[in-house]
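J.: Sequences are here, hints too, so could you generate the full structure?
These protein sequences, in sequence, are chains A and B. Counted from 1, the first sequence has number 68 at position 68 by this note's numbering; the numbering is strictly sequential. Counted from 1, the second sequence has number 497 at position 191 by this note's numbering; the numbering is strictly sequential.
Hints listed in this document are in silico derivations from the structure and should not be mistaken for laboratory results. Note that CB positions come from ideal geometry on N, CA and C, so glycine has one too. One or more hints might be untrue.
[Stated by the list, open to error] To spell it out: a stretch of chain A is covered by chain B in this simulated footprint if at least three of its residues, at any positions, have a beta carbon under 8 Å from a beta carbon of chain B; those stretches are: (1) 223-232; (2) 259-269; (3) 280-288.
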Amino acid sequence: MTTTVDDSAATGAPAAQRGRARPFSLSALASYLQVAPLALILGFFLLAPVLMIVVVSFWDYDFARLYPDFVLTNYAETLGSWVTWRTYLNTLKYAVIVWALTLFIGFWVAYFLTFHIRTSAMQMVLFLVCTVPFLTSNIIRMISWIPVLGRNGLVNSTLIEMGLVSEPVEWLLYSDFAVVLAMVHLYTLFMVTPIFNTLMRIDRSLVEAARDAGATGWQILWNVILPLAKPGMAIGTIFVVTLVMADFITVLVMSGGQSASVALMMRNQMSLLQYPAAAANAVVLLVLVLMMVAGILRVVDIRKEL
Amino acid sequence: MNGERRSGEFWVLAIFFALFVLFLYGPLSAILILSFQGPNGGLTFPMNGVSLHWFRNLTQQQAVGDFGGSFRRSFTLGVMVMLVTVVVSLLAGLAFRRRFVGATPLFYLAVASLVVPSIIISLGIGVMFQQIGIRPSWYGSAFGAHLTWTLPFGVLIMFAVFNRFSPAYEEAARDLGASPWQTFRHVVLPMIAPMLVGVGLFGFTLSYDEFARTLMTAGTYNTLPLEIYGMTTNVTTPVLYALGTVTTLFSFLVISVMLGVIVWLGRRRARV
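T.: Structural data, given as structure tokens:
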């Protein structure tokens, strides 16, 4: 009985030992029965659909139906178009900006909760205060910016009353600014939670030791806390980057249809029933996202952080 | 750090935190207030009288589409996803405590489920069902699509739980003559029950609010997020905010009930 799931890369070894392995075979059977539901669900609703997309991306199609085939036109059309490249660049731009902002906000919020709140009850209460909005509808949270940022919204009327501007500021809503703001609003918790988790596990005596050795506050932060917070930051980065790369609803609602993202381009192709074209796009996006995640996973071992 | 005077850093960060909370709740409270707009009021401030007009409007089916039906579907789907997520994650968590062939690929499959863009899963399931010839439905294809989002969360939480779970408790139970089932039922389960409720809360709320994965998989009948999205494109009255207020209050209710259960379980365990 091991309590950890670490280094189960060597999983083959025990089960493969033959001979008088009475309890082993029984417990191995139990393991398989216990993971079977998970494996079946993920197999049918994740693995099979993704394989289906890869297959369909090589199919031919017209306005009415799909034709099983092996053509590269879907990829040629996708990768050969300027629009695609601009859209990918735009999506990456969102990812970088939102990542930087959520990392900054997420770190300081987690840092405040960990090192400045003295009782663990208060820590949990404040953490819950941050969590609750993230358990409510994303679409409602997007809509809620309309009365704030709109042409006659709170921000504009305040600015006009204060005499700072004479006309309403137009770029507050239905702009890249609005998209980034809404994404930060929606996704910051995915950065706060993993960083909070790693910071809470830092041994306080390390901080004490650094202070006794004469380190200043900034030195402690830079040389002790930040390096130890890296795994949490990496996990938060995986969440935020993959969520932004996959986003189309925020881009659609908050830009008022003026900006594009890869997923939004896919959705438009889907609504025109151009499934093979959307599938080719999906494959390119998936490869890009998996490469980004693999890059981040080189920095951090997720299973050690759980 | 106890007993020290609050430093300047504390106050700067406290203000930063307060602004963050304002950023989270400010817009939500704006639509909450505006949903009580008078019958002639618009989508922005100022308030043009105070009324329940838009909430009444919400109950009239023709005015805003099938709000009641989509709510019932989303609620049922959320409960289904919650139950399956709790049971399947718990079983997988138990299995992963032992080594078995295929554990590593399955773990990475669960992680992949978290990072594969939701619209790709939506498209994949939609096309697959179309090709097999099964009609997509909210209780079939959308149910599966939601599970690919909630299960990895559940499994990772169970991993974290069992990583910190000392086998000494089970060994003690076994030494006292408990059967494996008794050990699980009377020792393990009470200890992890609060975390299971947490997994359930995640399962329900993630499903109840899911949009992208439902888009291609819901079939004929809309779930609530699809209905709300449809409204954003063609409704220009505060009835939209009334719907937002009702669903948000419902989410708050679910969260409070679940947190209440977690606290209750914790208290009960402390008493025993």
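J.: Now, for every hint given, state plainly whether the structure supports it.
T.: Quick rundown of the hints versus the structure:
1. 223-232: With 0 residues in contact (Cβ-Cβ under 8 Å with chain B), the coverage given for the segment 223-232 of chain A is violated.
2. 259-269: With 3 residues in contact (Cβ-Cβ under 8 Å with chain B), the coverage given for the segment 259-269 of chain A holds.
3. 280-288: holds (count 3)
Hint 1 from the list above is the single one not met by this structure.
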